[in-house]
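A.B. asks: Now for the letters of each chain:
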Amino acid sequence: MTTATTSAGRRRTGAGDVVLSVRDLHVTFPSEAGDVRAVRGLDFDLRAGETMAIVGESGSGKSVTSLAVMGLHPASAQITGSVRLHGEEILDRDDAAMSKLRGKAMSMVFQDPLSALTPVYTVGDQIVEAIQLHRPMPAAQAWKEAVELLDLVGIPNPQARVRSFPHEFSGGMRQRAMIAMAIANDPDVIIADEPTTALDVTIQAQVLEVLKRAQRETGAAVIMITHDLGVVAGMADRVTVMYAGRPVEQGSVDDIYYRPQMPYTIGLLGSVPRLDAAERQPLATVEGNPPSVVNLPPGCPFAPRCPLAEEQCWTTEPALVEHSGSLARRVTAGPDSEAATVAGHAAACHLADRVVRDGLRYTDIFPVAEHAWSALEQVPREQRQPVLQISGLKRHYPLMKGAVLRRRVGTVYAVDGIDLEVREGETLGLVGESGCGKSTTLMEVLNFLPPTDGTITVLGKNPAALRGRARKELRRDLQIVFQDPMASLDPRMTVFDLIAEPLKAHGWSKADTAARVEELMATVGLDPSHVNRYPGQFSGGQRQRIGIARALALKPKLLVLDEPVSALDVSIQAGVINLLDQLKAELGLSYLFVAHDLAVIRHIADRVAVMYLGSIVEHGDVDQVYDNPRHPYTQALLSAIPIPDPETERTRERILLRGELPSPADPPSGCKFRTRCPRKLALPESDQERCVTEPPPLLPVGTDHTSACHFNDTDRHVDVVA
Amino acid sequence: MSTNNPLELIDEMPTPTHGANAPTSKRLSRRQLVVRRFLRNKTAVLGLLVLVVMALLAVFGPLISAWDYRDVDRTAFLSEPDSRHPFGTTQSGVDMFALTLRGLSKSLVIGLAVAVISTGIAAVVGAFAAYFGGWFERIALWVIDLLLVVPSFLIIAIMMSADRSGTNQSGFDRFVSAAPQWIVLVVLLALFGWMLAARVVRSLSLSVKEREYVQAARFMGIPAPVIIVRHILPNISSLLIIDATLNVAAAILAETSLSFFGFGVKPPDTSLGVLLGVGARQATTFPWLFVPPAVTVVLLILAVNAVGDGLRDALDPTSGSGGRV
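Just so you know, the protein sequences line up as chains A and B, in that order. Its first residue numbered 1, the first sequence is counted upward by one per residue in our numbering. Its first residue numbered 1, the second sequence is counted upward by one per residue in our numbering.
Hints are computed from structural coordinates only; laboratory data are not their basis. Any given hint could be a false lead.
[Said to hold, decoys possible] When the alpha-carbon atoms are kept at most 25 Å apart in a straight line, the in silico BS3-like pairs for lysine-lysine are as follows:
#1 Lys472(A) - Lys510(A)
#2 Lys461(A) - Lys510(A)
#3 Lys472(A) - Lys401(A)
#4 Lys266(B) - Lys472(A)
#5 Lys209(B) - Lys504(A)
#6 Lys461(A) - Lys394(A)
[Unchecked claim] Which residues of chain B face chain A? A partial, calculated answer using Cβ under 10 Å:
#7 Arg30
#8 Leu112
#9 Ala113
[What the hints assert, rightly or not] Covered, in the sense of this in silico footprint (three residues per stretch, anywhere, with C-beta under 8 Å from a C-beta of chain A), are these stretches of chain B:
#10 179 to 189
#11 196 to 203
#12 308 to 317
No residue lacks a Cβ here, since even glycine has one placed at the ideal position from N, Cα and C.
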């Protein structure tokens, strides 16, 4: 207890000194199937003012590391090694002693700000509690500090908002409040566990700015845990890549991004779709799945997925060592060593020397899918048949109040007049932040019910007018792949039954069905001998492949994809995107692809429509829109997306949007984007008036490019991507 | 992707353990899989065996018993178990073994039939109400609420004992007087026993209905009844099975209390409930009147529960007990 207070009382001595030092950290959870070795030997030093990112896919042990350092791990976990804060061992402290450190010397920002704040207390109460817990002070002073903290993290009108409850805050504001709590006691170490994963990109950009500002103000060291390589490139000084519980590569952010040595890192970087890649650059396909950390076989855990794997990779696990290309120098220190571990760049790979010497890139190591153009895509767009036409589509939901006498108190303008067209062999990407109406649009297309206003035409027919057999036949040509492959597959059905279901519904014979299912499983890259398995026995990427196989079963013409890869890990995501690309070329499919990830859309789509608050603000050829965005919202959206390239990230100018998405029940008059528009601020008063009164139509700004802004030509060209 | 990591996935079908080197790629229908998983659960198989033996005893019992349940042995009133009467006799000289067999056959039929029918009604009404919503749901809920506030015991008692010999018989009257009494009892017990379960089924179905796989099925063009049977009901089967197993016990008890007041099974016919009711009063002095029906009821309910648990695990792919051994 006393040591805790002294160490917490002692301030860090200066920037660059080691604050937190972790040596040979092992975390093991006993389980029925065997020991789950979640972390297997992690070393790092964290210096004051430095940001270290821990990158890895789900199950790589990155979150467990943060919990173990904070002492928040479950009681069943067995932890060995050493964690020192200001040179004092904290791993063996009991919970009471750790509580003196948590929130004061070390604090944490969690992923889900909704569940991290207690809903029954005001945000102010919770910040004041965090302050008073470690620094006894009069309530009035603590409240004053709370207001200052909220102001620091950019919450507008903090005097009033401090008395708000968490549910009155939006997701981004909650995460700001979490950051305010984390920095309330001027901590030495802030651990941010996927702090922006649950947020939209424009909000993510705001929150990352706040996190940077918080770090500047407190001079704290930050451990950033994330799977998003773009965020890492913009935030981190140093990076630790984890795989199957072990660090497989450590180094400065530039070393990792520009000179990766471990094939896993190389594959990971190669499998991220790039926003700044003009032409279709094929993505690296890292085959297979991350191993389970129960009963790991000997050898390198990545060997089963590594195309370079040699004899020794299967027998001995490589140590984390520095590679110069010719000679490996062991730098990993033992658990007792005081020496700084990896000052430079180290990788745990037997073959890293070869990688360095030969300068291997992901295209040299991993199979890359060549993009094939279907016969349909050779035909000029104007000559192809439209498969989906949406004109003037509106979907309004009544807002009701009262339990007995229900009356209408308003309208939610979920989709408010949009026009879209998908032609044969084409992919239309529909992007926007959550709440912009993109999912509602999808459901309108799929529900076959008359919309509030406007028409939907699928393959030349109006689905709402069809009945019986004709309706069912149209269903055959229009299939969907859902976002969450776990939720979209009935857990009680075997893979065979799942894929065969649409076939049965459309009257295929037993023999034909069996043959078709086998064919489909092979098409999407699943082992046809797994027909008896339940979806729960597959990994996320495989489940999504089952979903795709099911959607393809009836040979549809139009596939609607609702965020099909957003629930998947990066290396798995690339495989699914490549598969979709290949299927489209082979089967002549058309896609309506809904996503919030603009980089994925750039990679896969031919044309793109950007939605904001139920309307389309920019629409056109994907390269034109991305290279020359004309609507201020598209510009902000593109500039908010982190690019996995540290150099670009450092030099990029971000357009930060103010505030949050207005409620679709009460959209702003005139131009819906005017409340957050950075362009409007630069306009003269008289022009601003026009934004308030007159809703802008989609105006042509290129050959196949329209933008809904009165002042499209105000700034000719904004280079937001690179 | 085709190379699965075998470590990550629980191997559902370990080849060597089943059949003569059956290849894993052999496709099994859902029913075959469920049967196979059920058979792996030893307790459930034992329970099923007990049920089968009981059913056989109920049907063929009179053949192995020396006495009929209507016979009166005037030489042995209230005698202890001996070689002539293995379970002893009652006060009126009826063989206890014959009575237990007769009671078992009645209670087995009433218990199982009521459970299956009332859970079936609950499943269908609850799931359809949830899936279709709107007016169908409202009417279903009205009927449920109405039946819940009706004193079911009184109604069954009145219906069972009403005089239906009048000249202007309704269809229901004709059914009641024509059908055997136990069928009427089963129908009435089932009719008043499904409402609470239906409400629970409805609320569970409401959440399952919103799942993406139900939407996916709709977008595939699968008709609503098929979606309900194939997707919604299996995913709430745990509740249905628990409900059904509880209903077996509840139906036997309900029949007991009805019989106690003379509305259920009427003498000389008997049921386990009737036997228990009579025997319980003399359990300490003449235990042979109480022990045989009590043991039978306990065995019956344990067996039903074991089968229910086994079925639940067999239907639920996430349960480890169904698959791993």
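A.B. asks: Take the hints in turn and mark each one as holding or not.
C.D. replies: Hint-by-hint comparison with the structure:
For the hint linking Lys472(A) to Lys510(A), the alpha-carbon distance of about 20 Å falls within 25 Å, and the restraint holds. Proposed proximity of Lys461(A) and Lys510(A) is contradicted: the alpha carbons are some 31 Å apart, above 25 Å. Only pairs whose Cα atoms come within 25 Å are accepted, and Lys472(A) paired with Lys401(A) is rejected, the gap being roughly 37 Å. Proximity of Lys266(B) to Lys472(A) is assessed by CA-CA distance (about 56 Å); at most 25 Å being required, the pair is judged violated.
Note on Lys209(B) and Lys504(A): the hinted pairing holds, with a Cα-Cα distance of about 21 Å set against a maximum of 25 Å. The suggested pairing of Lys461(A) with Lys394(A) holds, with an alpha-carbon distance near 18 Å, which does not exceed 25 Å. This hint holds: Arg30(B) has a C-beta 6 Å from the nearest C-beta of chain A, less than the 10 Å allowed. For Leu112(B), the suggested interface contact is broken, since its CB lies about 24 Å from the closest CB of chain A, more than 10 Å.
Restraint check, Ala113(B) versus chain A: the minimum CB separation of about 27 Å is more than 10 Å; hint violated. Against chain A, the segment 179 to 189 of chain B contributes 0 residues with a C-beta closer than 8 Å to a partner C-beta. That does not satisfy the three-residue criterion, and the hint is violated. For the segment 196 to 203 of chain B, the stated coverage by chain A is violated: 0 residues have a C-beta nearer than 8 Å to a C-beta of that chain, whereas at least 3 were required. For the segment 308 to 317 of chain B, the assignment as covered by chain A holds, since 3 residues bring a beta-carbon within under 8 Å of that chain's beta-carbons and 3 suffice.
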